[in-house]
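Can you make the complete structure from the sequences, with help from the hints?
Which chain is which? The protein sequence lines are C and X, in order.
Every letter in the first sequence is one number past the one before it in the numbering used here, and letter 353, counting from 1, is 794.
Every letter in the second sequence is one number past the one before it in the numbering used here, and letter 96, counting from 1, is 414.
By construction, these hints were calculated from the structure, which means they are not laboratory data.
In this text, all values refer to a predicted model and were calculated from it rather than measured experimentally.
Glycine included, each C-beta is placed from N, C-alpha and C at the ideal position.
Treat each hint with caution, since some may be false.
As the list claims (entries may be wrong) - Using 30 Å as the maximum straight-line C-alpha spacing, the simulated DSBU-like pairs for lysine-lysine come out as follows:
| no. | chain 1 | residue 1 | chain 2 | residue 2 |
| --- | --- | --- | --- | --- |
| 1 | C | K795 | C | K765 |
| 2 | C | K446 | X | K480 |
| 3 | C | K446 | X | K470 |
| 4 | C | K445 | X | K477 |
| 5 | C | K627 | X | K477 |
| 6 | X | K377 | C | K795 |
What the hints assert, rightly or not - For each label pair, taking beta carbons as the anchor points, the in silico distance ranges come out as:
| no. | chain 1 | residue 1 | chain 2 | residue 2 | range |
| --- | --- | --- | --- | --- | --- |
| 7 | X | R364 | C | K627 | 40 to 50 Å |
| 8 | C | G569 | X | S444 | 50 to 60 Å |
| 9 | X | D466 | C | P551 | 44 to 54 Å |
| 10 | C | E479 | X | D349 | 26 to 36 Å |
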Amino acid sequence: MAEKKLMKGNEAFAVAAIAAGCRYYFGYPITPQNEVPEYMARELRAAGGHFIQAESELASISFIYGAAAAGARCMTSSSSIGIALMQEGIGSCIICELPCVIINVMRGGPGIGSIQPAQADYTMVTKGGMNGDAHNIVYAPSTIQEAVDMIYKAFDVADDYRNPVIICVDGMIGQMMEPVVVPEFKPVLEEKDIEKVKPWALCGHKNKRDRNKINSVWLDHTELEVAINERIWPKYERAMKELPEWESKNLEGAEAVFVAYGSTARIAVEAMELLEEEGIKIGLIRPKTLWPFPDAAFDEIDKETTKVVISVELSMGQMLQDIKLALEGRYPTALINRVGGMLLTPNEIVERTKAVLGGMK
Amino acid sequence: MSSTKKIYIAGFGGQGVLLIGQMLAYAALFDDKEVTWMPAYGPEMRGGTANCTVCISDKPIASPVITECDILIAMNGASLAKFEHMVVPGGELFVNTGLCPNPPKRKDINVHYVDCTNIAEEKLNSNKVANMVMLGAVNKIANIASLDTMFKVFEYTLKGPKAKLIPLNMRAMEAWSE
Numbered sequence: 442m443a444e445k446k447l448m449k450g451n452e453a454f455a456v457a458a459i460a461a462g463c464r465y466y467f468g469y470p471i472t473p474q475n476e477v478p479e480y481m482a483r484e485l486r487a488a489g490g491h492f493i494q495a496e497s498e499l500a501s502i503s504f505i506y507g508a509a510a511a512g513a514r515c516m517t518s519s520s521s522i523g524i525a526l527m528q529e530g531i532g533s534c535i536i537c538e539l540p541c542v543i544i545n546v547m548r549g550g551p552g553i554g555s556i557q558p559a560q561a562d563y564t565m566v567t568k569g570g571m572n573g574d575a576h577n578i579v580y581a582p583s584t585i586q587e588a589v590d591m592i593y594k595a596f597d598v599a600d601d602y603r604n605p606v607i608i609c610v611d612g613m614i615g616q617m618m619e620p621v622v623v624p625e626f627k628p629v630l631e632e633k634d635i636e637k638v639k640p641w642a643l644c645g646h647k648n649k650r651d652r653n654k655i656n657s658v659w660l661d662h663t664e665l666e667v668a669i670n671e672r673i674w675p676k677y678e679r680a681m682k683e684l685p686e687w688e689s690k691n692l693e694g695a696e697a698v699f700v701a702y703g704s705t706a707r708i709a710v711e712a713m714e715l716l717e718e719e720g721i722k723i724g725l726i727r728p729k730t731l732w733p734f735p736d737a738a739f740d741e742i743d744k745e746t747t748k749v750v751i752s753v754e755l756s757m758g759q760m761l762q763d764i765k766l767a768l769e770g771r772y773p774t775a776l777i778n779r780v781g782g783m784l785l786t787p788n789e790i791v792e793r794t795k796a797v798l799g800g801m802k
Numbered sequence: 319m320s321s322t323k324k325i326y327i328a329g330f331g332g333q334g335v336l337l338i339g340q341m342l343a344y345a346a347l348f349d350d351k352e353v354t355w356m357p358a359y360g361p362e363m364r365g366g367t368a369n370c371t372v373c374i375s376d377k378p379i380a381s382p383v384i385t386e387c388d389i390l391i392a393m394n395g396a397s398l399a400k401f402e403h404m405v406v407p408g409g410e411l412f413v414n415t416g417l418c419p420n421p422p423k424r425k426d427i428n429v430h431y432v433d434c435t436n437i438a439e440e441k442l443n444s445n446k447v448a449n450m451v452m453l454g455a456v457n458k459i460a461n462i463a464s465l466d467t468m469f470k471v472f473e474y475t476l477k478g479p480k481a482k483l484i485p486l487n488m489r490a491m492e493a494w495s496e
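Spelled out as C-alpha cells, the structure:
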C-alpha cells in the first residue's frame, strides 16, 4: 500500500491536482485556502507545470478559460467571495464547454464575510451565480482523503463532460491535517497528443484542418438555443443519471434522518452516536455530489419509522430546498444550522434534534 | 466513553502550540492510528491566541470538533482559565507553570505541573525547546507513543541541516518528571 502522509487539507488538494495531471494553476490569495496556491507556487514548476499568481479572481478564471481552451488540465482555487467574482468566467467556460477544476474552500458570507468555515455557497455553486442555463458539477468531500480522491477524479469528469467541476469544501477541511494516501501520478497529456484527445482544443490547425473556434458570443440567438438544447442540456441529463453519489448510514429503523455534507456530516455522525446512546436512532444521508443532487438516496428512507428529515448545514436552509424537492412531500422536514462562520458541535445537534422530535409528538 | 483520545492545546502564538499538536499527530500516524489535527485559525500573529485540537483513535474519527477533552495542555494563564472546564472528570491537565500564575480550580482532574521554559533552559541549555519538554511530559503521562516512535517523528520532521537538533529534542522528551 502507498505511504500514508499527514497533510493539511489545502496542501493535499494541490498534490491531488498535480497527481491528476494538472499542470496549470492560476490563483489569487484568500483565507482559508492560501496553502493551495502556496503549494502550487513551490511544487508545480518542479512537476513541469506553470503557476501564475493572477491579479484578481477575474484574472484567475480568465487564465483558466485560456488554458482549458488550449486543451490543458488546469485548476484554480479560492474561497466564497473569490468564487463569486469568478461567476462570469465560469459561465463562459460552460457555454464554451471548457473543462476545468475549481476548488472552493468556503467561508462565512455574504460579502467579504468572515474567514471561518461555512457552507453558504451551496446555492451559488449548485444553481448558478453565473447567468444563463448552466450548472457546475459539484463534489462535497468530508475528509481530506475523500477530497484527494474526488479532485483526482474531477479532472476526468471535467474532460468527459466538458464542463467546470467544483470541489466544495470548507475552511475546516482546508485547514485541518489528516493522514492521506496520495494517488499515483497520472501521465500528463503531451502537447502533440492534445489534438487527438481534445479535437475541439485551440492548438493550431497548421493548415491541415479547419480552424477550431471557441466563443461565448452568439449573435444568432437561434444557434444559442440549439447549443443549449442539443449540446449543454443532454450532458446535464446524462450527469443526473451517471454522477450522483452519496453515503447512507443507519436508515433502517431510524426515527429521523440527518442530511449533511462535508465537514458538517462528520459532526452529525458524532451526534448520531450520542443520540443512539440515549436510545434515539438517527439515520444519515450524506450527499457526495451537491449537483447533481442524489435524489435517489431519499427513496431508501425507512417509511415505517422515519418521522422527519433534518437538514444539518452551515447555511440558512439552502440544501433544505433540494431535500424538499427530492422528498416530494413524503416526509416533514426540519433545519439544524449555524451560519456566518460558526460551527455546529455534536452536543448542539443532539439538543436541537431532541427539540425537533419533541415538537413532532 | 469512546476510544478516541481528545487533546486540546492552547497558548499564544510563538510558543509552538500548533507544533506540539502536529508532533502528537505524527506520532499517532507512525503508530498506525487514525488522527485529526485542527487549528483554530484566524488572523494569527505572534502573541495572539493559538490553539489546536488533536483526536487520536483506533477507528476513523468522525468529528474533529470537540467540546470536551481528555487532555488539556495550557501553555499560559489565559488558556488555563478559558479551557479548564473542557477537561472530562478524571482527565489530565498539563499546566505550563512559568506562565500560569493562578493554579487550576478543578479538583476532579489530574493536574501535572510542567515548568517547561525553566527545564528547557536549565536542563537542556536551550530556550527553544520548552514546547518539546511539554510534549515529552504529555507523552509520558498519557502514553501517546514510545520513545522509538518519537524518534521517528523527529527524524521525519527534522531533515537536512535540522537533523542535528534530533538529540536535543529527544532529551526534551525525557527532561520532565513529576
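Hints and how they fare:
no., hint, result
1, K795/C <-> K765/C, "21 Å, holds"
2, K446/C <-> K480/X, "20 Å, holds"
3, K446/C <-> K470/X, "14 Å, holds"
4, K445/C <-> K477/X, "18 Å, holds"
5, K627/C <-> K477/X, "28 Å, holds"
6, K377/X <-> K795/C, "27 Å, holds"
7, R364/X <-> K627/C: 40 to 50 Å, "41 Å, holds"
8, G569/C <-> S444/X: 50 to 60 Å, "57 Å, holds"
9, D466/X <-> P551/C: 44 to 54 Å, "52 Å, holds"
10, E479/C <-> D349/X: 26 to 36 Å, "29 Å, holds"
Of the hints listed earlier, there is not a single one the structure fails to meet.
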